[in-house]
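Make the complex out of the two chains shown on their own, each in a separate frame, by following the hints.
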Amino acid sequence: MKTCLIVDDSSVIRKVARRIIEDIGYDVDEAEDGREAFEKCTKSMPDTILVDWNMPVMTGLEFVKELRSYIGGEAPKILFCTTENDVGHIAMALKAGANEYMMKPFDREIMERKFQDLDQK
Amino acid sequence: MQEHTYQAIARFVAQESGIKLSEGKAYMVETRLTPVMSKFGISSFEHLATQLMAATGELRQAVVDAMTTNESFFFRDRTPFELFEKVMLPRMAEEKRANGQPLRIWCAAAATGQEPYSLAISVLENQRLLEDIDVSILATDISQAALATAEDGLYTQFEAQRGLSAQRLITHFEQEGIAWRVKPQLRELIEFKELNLLKNLHQVGPVDIVFCRNVLIYFDVETKCHVLGKIKKQISPDGFLMLGAAETLVGVCGEFLPTREHQNLFQPTV
Chain G
1 MKTCLIVDDS
11 SVIRKVARRI
21 IEDIGYDVDE
31 AEDGREAFEK
41 CTKSMPDTIL
51 VDWNMPVMTG
61 LEFVKELRSY
71 IGGEAPKILF
81 CTTENDVGHI
91 AMALKAGANE
101 YMMKPFDREI
111 MERKFQDLDQ
121 K
Chain C
1 MQEHTYQAIA
11 RFVAQESGIK
21 LSEGKAYMVE
31 TRLTPVMSKF
41 GISSFEHLAT
51 QLMAATGELR
61 QAVVDAMTTN
71 ESFFFRDRTP
81 FELFEKVMLP
91 RMAEEKRANG
101 QPLRIWCAAA
111 ATGQEPYSLA
121 ISVLENQRLL
131 EDIDVSILAT
141 DISQAALATA
151 EDGLYTQFEA
161 QRGLSAQRLI
171 THFEQEGIAW
181 RVKPQLRELI
191 EFKELNLLKN
201 LHQVGPVDIV
211 FCRNVLIYFD
221 VETKCHVLGK
231 IKKQISPDGF
241 LMLGAAETLV
251 GVCGEFLPTR
261 EHQNLFQPTV
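These protein sequence lines map, in sequence, to chains G and C.
So in this note's numbering, spot 21 of the first sequence is number 21, and the numbers just go up one at a time.
So in this note's numbering, spot 31 of the second sequence is number 31, and the numbers just go up one at a time.
Please note: incorrect hints may appear among the correct ones.
The calculated SDA-like cross-link candidates involving lysine to any residue, where the alpha carbons are at most 20 angstroms apart (straight line), are [unchecked claim]:
(1) Lys183(C) to Gly88(G)
(2) Lys25(C) to Ala54(C)
(3) Lys104(G) to Gly254(C)
(4) Lys95(G) to Thr69(C)
(5) Lys232(C) to Leu198(C)
(6) Lys86(C) to Asp117(G)
(7) Lys39(C) to Thr69(C)
(8) Lys104(G) to Lys39(C)
(9) Lys121(G) to Leu83(C)
(10) Lys25(C) to His47(C)
(11) Lys224(C) to Gly254(C)
(12) Lys77(G) to Ala96(G)
Source of the hints: derived by calculation from the structure; they are not laboratory data.
As the structure is a prediction and not an experimental result, all values here were calculated from the model.
Just chain C, with the same shape it has in the complex (with noise of 0.2 angstroms):
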């Protein structure tokens, strides 16, 4: 792919989605965009580069679809799950039991599922400490195919192998051939809903707890920033942020302020 075309794939990418796609990147550019044009019958990138400008949304949406959709897996990196169950929830379950209000969820990157099941599943375990308490997890995502996937539930058996434990596999999993697929109980907590962070975020509503974990690292430093603030807006003013391992907010902004419990773990700033 020459530079000048390369470019302006990068360009449009960053506009859709505010993925900034360094130097060198050429290479997953072709590897992520070459099944799309030969869905669309592209011939070379140059051609992708053109029709891009005056693309429909479907190219669009397929382009940003292969872009942004990595794989994942369940409790990945462990550790967020630990704070999320002996942390967050602890004390927001205090405090929504004392004032009757709901705990909202809302996990910004959903990708194909697997993070917002994991915490699906976090928040079943934990029926006890969540009793009488309207719980529900909000997920979404910019990617319109990695949604479909997180919505039907379905995984392969090597999906499904990682990162879940076999007795919440067999708990919260029911056979189908040999995919496995997500039970009703974990289904129904959570709501999907196709959204890209750089957009209006007003439909979110109110949230407690959010999980937008390796979505930042992509954005510049101003992006970050603006999607920050409009995060802040929905958050509650006790409420968290959960980011990824290599995820600093120091020297970005001042909205969110890492909590004693984790570096990685924030709450808004007064």
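Next up, chain G with everything else stripped away, as it sits in the complex (with noise of 0.2 angstroms):
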């Protein structure tokens, strides 16, 4: 089963994510910040990493940057969702690495599809 490690500081959103996908039918895990998801990646890589912007201790663009120069860390498929909603955020997020980029507030078909097209890059 793919793997998809959930990064948000709401646990919120942590839960309604989760719910949606392990509907398209991942294993999920979950982190509450940057750093924490970079300890659960070095120990094991997900295949799909879903993160906020805004978090305590480290931010999702820290996070991505620092996962994306670590050895291994270019595998996974980055999706930012974020209430981050303008170009310039965006930009910055798939300069950064990220693979797509999702703004809040989302829909379950949002979700969905933004996971098709991930599978397809």
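And the structure:
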């Protein structure tokens, strides 16, 4: 089974996202900030990562940059999921190595389509 | 709603748009027409049915708009756009360049614009292949309201995220508050026109590629055949017709045959 790590400091978002992503067919793990996510990745690299932007300890952008320069860290598909919804943030995330970007609020249909698109990349 | 009222409304819809409402669609009709009734101050479906018989343009159009508009999203079903980029454009480009002719694409059920804009994005992303070819897209729909939205090219964050990759979003759209508007280079490729497929299609002019997805499924066999015959008159002999995933022409009529590339991609018979 494919694995997905959900990185968000909101337990509500993690719960909502987990339900959808498990339905898509992923084995899901969670982290509350970029640092915890990075540590989890160094132990076991997930296939896909859903990551928020603004989080305490380490932001999503810092996490993506650090992961992409780590050995094996180029492999996971990374999908941002954030309230930062302007062109500048989207461009910055893609440049840092994110594969896709989803703006909050989202719904099940948008999330499912983003996961399908990640499979094609 | 009483059965005879439903039948009267269904007859009106079929006559105006070709859409054949099957049995048991009363709930859908009620949901879609209730807002129209409150807008025009009509108190019951019985009154609506009566008024439709002698209705002015405005009420007729509002009912047609409400009954024909369906939610759409960008790059819907993905495969038709892959076929557009990998089969239709390369084959057409070669021929058009050799003959110095323009390439004309017709999106026959443009709805709120997601399909023609997706095609325009594909055209821009294949600029090298289409170099020196004059490409244009004609986007038509029966619904005035849907077409106005399409022409405006402004989408909510939810709509913009349905089917558009982040890269495509920031390349082809600009932000307007919390909404997203298509950039001029996309808009300039498309001409929008109100058009009822049941009526005269001469104003469409000659076309090479036709996207007519999920429209014919609402028509009965006879209407379907009639519309396909008219499309055939507009399409070039080696042109392409893309239908929806659930649409087949087997046993319907012999105007088009499926290609070997895909069962829903057709070419006109000789």
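Checked hints:
no.: 1; hint: Lys183(C) to Gly88(G); result: holds, 16 angstroms
no.: 2; hint: Lys25(C) to Ala54(C); result: violated, 24 angstroms
no.: 3; hint: Lys104(G) to Gly254(C); result: violated, 48 angstroms
no.: 4; hint: Lys95(G) to Thr69(C); result: violated, 38 angstroms
no.: 5; hint: Lys232(C) to Leu198(C); result: holds, 14 angstroms
no.: 6; hint: Lys86(C) to Asp117(G); result: holds, 18 angstroms
no.: 7; hint: Lys39(C) to Thr69(C); result: holds, 17 angstroms
no.: 8; hint: Lys104(G) to Lys39(C); result: violated, 33 angstroms
no.: 9; hint: Lys121(G) to Leu83(C); result: holds, 18 angstroms
no.: 10; hint: Lys25(C) to His47(C); result: holds, 19 angstroms
no.: 11; hint: Lys224(C) to Gly254(C); result: holds, 12 angstroms
no.: 12; hint: Lys77(G) to Ala96(G); result: holds, 13 angstroms
Violated hints for the displayed structure, listed by number in ascending order: 2, 3, 4, 8.
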